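Participant: This is what each chain is made of:
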Amino acid sequence: AQSVAQPEDQVNVAEGNPLTVKCTYSVSGNPYLFWYVQYPNRGLQFLLKYITGDNLVKGSYGFEAEFNKSQTSFHLKKPSALVSDSALYFCAVRDGGYSTLTFGKGTMLLVSP
Amino acid sequence: EAQVTQNPRYLITVTGKKLTVTCSQNMNHEYMSWYRQDPGLGLRQIYYSMNVEVTDKGDVPEGYKVSRKEKRNFPLILESPSPNQTSLYFCASSPDRDRAGQPQHFGDGTRLSIL
Chain L
19 AQSVAQPEDQ VNVAEGNPLT VKCTYSVSGN PYLFWYVQYP NRGLQFLLKY ITGDNLVKGS
79 YGFEAEFNKS QTSFHLKKPS ALVSDSALYF CAVRDGGYST LTFGKGTMLL VSP
Chain R
4 EAQVTQNPRY LITVTGKKLT VTCSQNMNHE YMSWYRQDPG LGLRQIYYSM NVEVTDKGDV
64 PEGYKVSRKE KRNFPLILES PSPNQTSLYF CASSPDRDRA GQPQHFGDGT RLSIL
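Chains as they are written, first to last, in the numbering used here: chain L, 19 to 131; chain R, 4 to 118.
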């Protein structure tokens, strides 16, 4: 069975500092990996994905994520955090493209001014 | 504007009173899905549909029904709601489940409170 772990319930970072939100996964086949962001009272919005190719993928709002197959990780990163980045972030995985999408429990990112 | 629309956005009701949450998408997507979001549990899939008249159970289908009579609509039905179905519900769609690299588009959510 596929699974996703987001080990941090909350990440705190000061504005202007780099941020990392961690995600590890478990699948039996090839992983299709996604990051979504949820702002208050809104649905999830797609940020970026890894299907194949370069291990570093770039997405919306200056976010990027690094796929590491040996560590089965897909951490979300941004070089310089903004207060407006404060939101709930979800990592999700699909196993080989022929299964449903499994979400992590979410990580709340709080960026202080 | 491409969107997934859910109604109602908020509902407070009582145990046993049947309710329907509607979901409609205007992107001609084949795949639609319902999730519930609970604190500490993330999103869990309730039901999904790969196309018209094709539906299947997700991880937590008990107490829910769905139908897919038209491509654009995917209502979620609670025949006899119970307090443990109090949650935040999201509908999502994507072009085709077999094109698994396509991200899902989410509605803004429906907050249900079952008293």
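Just so you know, not all the hints are guaranteed correct.
Pair ranges (Cβ atoms, derived) [unchecked claim]:
| hint | chain 1 | residue 1 | chain 2 | residue 2 | range |
| --- | --- | --- | --- | --- | --- |
| 1 | R | Ser85 | L | Leu74 | 45 to 51 Å |
| 2 | R | Arg47 | L | Gly71 | 26 to 32 Å |
| 3 | L | Thr118 | R | Arg114 | 20 to 26 Å |
| 4 | R | Arg12 | L | Thr90 | 33 to 39 Å |
| 5 | L | Gly114 | R | Thr23 | 19 to 25 Å |
| 6 | L | Pro58 | R | Asn87 | 35 to 41 Å |
| 7 | R | Gly43 | L | Asn59 | 28 to 34 Å |
| 8 | R | Glu65 | L | Pro36 | 42 to 48 Å |
Just so you know, these hints were derived from the structure itself, not from any lab.
All values reported here derive from a predicted model rather than from experimental measurement.
Ideal placement from N, C-alpha and C gives every residue a C-beta, glycine not left out.
Participant: State the violated hints by number, sorted upward, taking the hints as numbered earlier in the document.
Facilitator: 5, 6, 7
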